[in-house]
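> In this note's numbering, the protein residues as written are 1 to 81.
No wet-lab data here; the hints were simulated from the structure.
Please note that the accuracy of each hint is not assured.
The calculated lysine-lysine pairs, modelled on DSSO-like cross-linking and capped at a C-alpha distance of 30 Å, are [to be verified]:
| hint | residue 1 | residue 2 |
| --- | --- | --- |
| 1 | K42 | K26 |
| 2 | K42 | K31 |
| 3 | K42 | K21 |
Quick list of simulated restraints, FRET-style, between CB atoms [said to hold, decoys possible]:
| hint | residue 1 | residue 2 | range |
| --- | --- | --- | --- |
| 4 | L23 | L72 | 23 to 29 Å |
| 5 | F65 | E39 | 19 to 25 Å |
| 6 | R43 | F65 | 30 to 36 Å |
| 7 | L17 | L72 | 39 to 45 Å |
| 8 | K42 | G13 | 16 to 22 Å |
| 9 | K4 | M44 | 21 to 27 Å |
| 10 | H7 | T35 | 30 to 36 Å |
| 11 | L71 | L17 | 41 to 47 Å |
| 12 | E57 | K26 | 32 to 38 Å |
Every residue gets a Cβ at the ideal spot worked out from N, C-alpha and C, and that includes glycine.
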Amino acid sequence: FSVKEVHKRFPDGIPLLDPVKDLGVKDEEFKTLMTRAQELTKRMAEHTLATDMEEKERIAKVQTFERRAELLESAKVIRLE
Numbered sequence: 001f002s003v004k005e006v007h008k009r010f011p012d013g014i015p016l017l018d019p020v021k022d023l024g025v026k027d028e029e030f031k032t033l034m035t036r037a038q039e040l041t042k043r044m045a046e047h048t049l050a051t052d053m054e055e056k057e058r059i060a061k062v063q064t065f066e067r068r069a070e071l072l073e074s075a076k077v078i079r080l081e
């Protein structure tokens with residue numbers, strides 16, 4: 001196949017393979033993990049951070065939270081000294 005042929009066959013992009021159906025994965029633990037991953041992806045997409053804020057605002061909030069976590073960890077180390 002040439003790249004042009006692939007683009008012609010899949011104009012919306014190459015479809016992802018399903019590990020269970022397409023690749024024959026039979027491990028029950030893997031199936032459980034795949035289900036959990038799909039549920040978490042859905043929950044993250046529905047979360048307030050993903051739906052109610054612009055991307056810049058969301059990034060700013062996450063950075064603020066990360067900075068707060070760093071400062072709390074620093075304060076904890078200082079208290080222990």
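> So, for every hint listed, does it hold in this structure?
Structure-based check of each hint:
1. Pair hint K42 plus K26 holds up; C-alpha atoms about 24 Å apart against a cutoff of 30 Å.
2. With a C-alpha separation of about 17 Å, the suggested pair K42 and K31 falls inside the 30 Å cut-off, and the hint holds.
3. Simply put, K42 and K21 have alpha-carbon atoms about 21 Å apart, close enough for the 30 Å limit, and the pair holds.
4. For the pair L23 and L72, the supplied restraint of 23 to 29 Å is violated, since their beta-carbon distance comes to about 44 Å.
5. Between F65 and E39 the beta carbons are some 23 Å apart, a value that agrees with the proposed interval 19 to 25 Å.
6. For the pair R43 and F65, the supplied restraint of 30 to 36 Å is violated, since their beta-carbon distance comes to about 18 Å.
7. Under the hint 39 to 45 Å, the C-beta atoms of L17 and L72, about 43 Å apart, fit the expected range.
8. Take K42 and G13: their Cβ atoms lie about 21 Å apart, and the range 16 to 22 Å holds.
9. The beta-carbon spacing between K4 and M44, approximately 36 Å, falls outside the hinted interval of 21 to 27 Å.
10. Between H7 and T35, the C-beta spacing of about 33 Å keeps the proposed range 30 to 36 Å intact.
11. L71 and L17 have their C-beta atoms about 44 Å apart, which keeps the hinted 41 to 47 Å range intact.
12. Between E57 and K26 the CB atoms are about 44 Å apart, so this pair departs from the stated range of 32 to 38 Å.
Comparing the model with each numbered hint stated earlier shows that hints 4, 6, 9 and 12 do not hold.
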